[in-house]
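Please arrange chain B on chain A, whose structure you already have, making use of the hints.
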Amino acid sequence: MLPRTIGRAILLLSVEAFFFILFAAFMKTYDTGKVIAFLLFFIGVGVMFRKLDRARLALTDLFKEMKIVAGAGFVLMLLTLPFIFQSSPYLVHICVMAGLFAILALGLNFQLGSTNVVNFATAASYGIGAYASALLAVHFHISFWLGLVVGGSLASLFGLLLGIPCMKTKDYYLSLVTIAFGLIVYILLVNFSWTGGPNGIPNIPPPSLFGHSFKDPLSLFGYQLPFQSNYYYLIFVLVGGSIFVANRLHHSRVGLTWNAIREDEIAARCHGIDVTWYKILAFCIDAFFGGVAGTVYAHYIGFISPENFAFIVSVVVVTMVILGGMDNVFGVIIGAILLTILPEKFRAFEDFRVLIYGVIVVTMLMFRPQGLFPQKMRIYKK
Amino acid sequence: MAEILQQLINALLLGCTYTLIAIGFNLFFGALNVVHFSHGDVCILGAFMTLILYELAKFLGVVTFLPGFLFVPLLIIVAMILTGLIGTFFERVVIRPFRYAPLLMVLVATVALGMVIRETVRLSFPHGSNPQIFPRILPQASFEWGGVLLRADNMIIFGTTLFLISMMFLFIKRTRIGAAIRAVSQDSEAAAMMGINIDRTVAATFLIGSALGAIAGILIGAYNNIIRFDMGLMGGVKGFSAAVVGGLGNVYGAIIGGLILGVVETFAAAFIPGGTPYTDVFAFLVVIFFLVFKPSGILGEKVYEKV
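Chains A and B, in that order, are what the protein sequence lines are.
Position in the first sequence (first residue = 1) + 115 = this note's numbering.
Position in the second sequence (first residue = 1) + 10 = this note's numbering.
The hints are simulated quantities; they were obtained by calculation from the structure and are not laboratory data.
A virtual CB, placed ideally from N, CA and C, is assigned to each residue, including glycine.
It cannot be assumed that every hint is accurate.
[As the list claims (entries may be wrong)] Computed footprint of chain A on chain B, listed as stretches where at least three residues anywhere in the stretch have a Cβ under 8 Å from a Cβ of chain A: (1) 103-114; (2) 127-138; (3) 205-216; (4) 277-290; (5) 294-301.
[Said to hold, decoys possible] If you want the ones that stay clear, here's a sample from chain B, every Cβ over 12 Å from chain A, calculated: (6) GLY156; (7) ASP163; (8) ILE166; (9) THR170.
Looking at chain A on its own, in the form it has when it is part of the complex:
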């Protein structure tokens, strides 16, 4: 029995390693032709996987059987990523940005995916977190770690404020409120003098941990890693935490309640669900995630301006959730990663980026509204 288990574990890890190496190689290609070749290959694998039922079932069984091994292997591989990209900090930077957007998308997923509340104010909570922590750090020399909590909490408070009009409004009206709030925050950021106006806030200090400043290169096991790796590991932890929270919420009573509101609000109300409270909860949690992502962004880049938090950012995050698959934690993260990495790989078409986002959303909604990875059926064991 034991040798068989070990054999299957090795098989599993080699499958994972194969895809991981493919991913790393894909990240390291800069030639547009090769990038397209890689993408076609990935799509081909996906299609094959759908067609070959036996292979798919065998593989999913394998993953289900050894969840811990699969998870541990995956985490270990992700942890080695900065070592692989040691010579090209740019790639680590892309990974950090992908992580940030994954947090934003996970936050929005509570609303857009779970509850069907279309919130176009993600950029506002993202911006409030960033500005709060940046202002505290620049003017009062408050450490990043405290700023993370303060930024998240302030953004959460904003979410509460935004949630108040939603007690009375829904659907289109609610979306109008969120768009209006997002625009108000943007206009205020541009016009207030104490936020630096359109020039933003420069020279935001980097965080430090145990005397190690995040601005310095990281030395691990005798390797010199670019300074972005610090943030990579920070984001790694934060995304991990977000996934944990999102999963727990999804499988809890709260997640189930959100789904009930999504399916039929009146029916949910009739079953004694306090719809307003749960919607506001979704607003607050989403805004907290946004605030945390904003704080990390501000300290990572070291400079923020209102342009980083314009309406378009909200729409991009909405695109990520819709592309990945609403109310599917894994899918949302894939959506965020895809939409962060692909634009970087197609730098030649930089000008068409937003246009392509728009086209993706419209075509996805028409032909595959459930996203790349649809929500899984909830299965309850006895």
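Structure of chain B alone, referenced to chain A:
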């Protein structure tokens, strides 16, 4: 006193623009129960259409042999018709597939459509991110009357808007298609049973709404002398706000809502010290206030949800 009068005239002009956009929102909401979030971009598209047609006419030399008082109305009418057709096209391609889908989908789809329109405009003009100079197609004369400055182009704009809005009301009240539009907005299923072609009625709605929106775009261009690809986002949100304040689905409400927003913005800019950059904030606060305390708007009926 003269100052207040002057600001009232400005408010009236701004209100006209918002009203024209809001009428579109109300027509679409009445006919389909959808909010076409990219309607503002369609309106600005009307202004860009005028710009393109103007340049084309200049290139072809039409300007030289056609007098201005014939050429400008012709230009505007062609731009209106083209924008109306574009609006109908968007309805057919982006909105109709979602007619029986959850509401969220058409909402997100139209927001994304707005993004596509904006970016297409930006990419198809040289230096599209910069403001484009809007041709001065209206006479630039102005005269003073009791301390109030009246600009000829503003008067023409105001007159045209009044004329168009009353024409539209007549159209809706008196014609067969107008009756069909009213019937569909009351109860589309019953209307279909009475033999009204829903698809064609909805298309007519989008034609009218988008054509009126084109006028709003031209007004914005003529008033500011510039147009920018992203003006449609703000224009659309403001127009929708005006429709909500007046009562979504009620075409008369659009006038009241547009005027309220126009007055709030102009007076906030003129009479609150340092308020000029924050005019949009004041407008949105009014909208949020209305949404919280009177979500059905001023003229809207309270809708009870049926199970």
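Comparing the hints with the structure gives:
Beta-carbon proximity to chain A at under 8 Å applies to 7 residues in the stretch 103-114 of chain B; the threshold of 3 is reached and the given coverage holds. Residues of the stretch 127-138 of chain B lying with their CB closer than 8 Å to a CB of chain A number 4, which satisfies the three-residue condition for coverage. Counting residues of the stretch 205-216 of chain B whose beta-carbon sits less than 8 Å from any beta-carbon of chain A gives 0, not enough to reach three: the coverage restraint is violated. Only when three residues or more bring their CB closer than 8 Å to a CB of chain A does the claim for the stretch 277-290 of chain B stand; here the count is 3, and the claim holds.
Closer than 8 Å: that is the beta-carbon criterion, and the stretch 294-301 of chain B has 5 residues meeting it against chain A, so the requirement of 3 holds. Distance check for B/GLY156 against chain A: the nearest CB is about 35 Å away, which clears 12 Å, and the non-interface claim stands. Distance check for B/ASP163 against chain A: the nearest CB is about 28 Å away, which clears 12 Å, and the non-interface claim stands. Here B/ILE166 stays apart from chain A, with its beta-carbon at least about 31 Å from theirs, past the 12 Å limit.
Annotated as non-interface, B/THR170 keeps its C-beta farther than 12 Å from every C-beta of chain A; the closest such distance is 28 Å.
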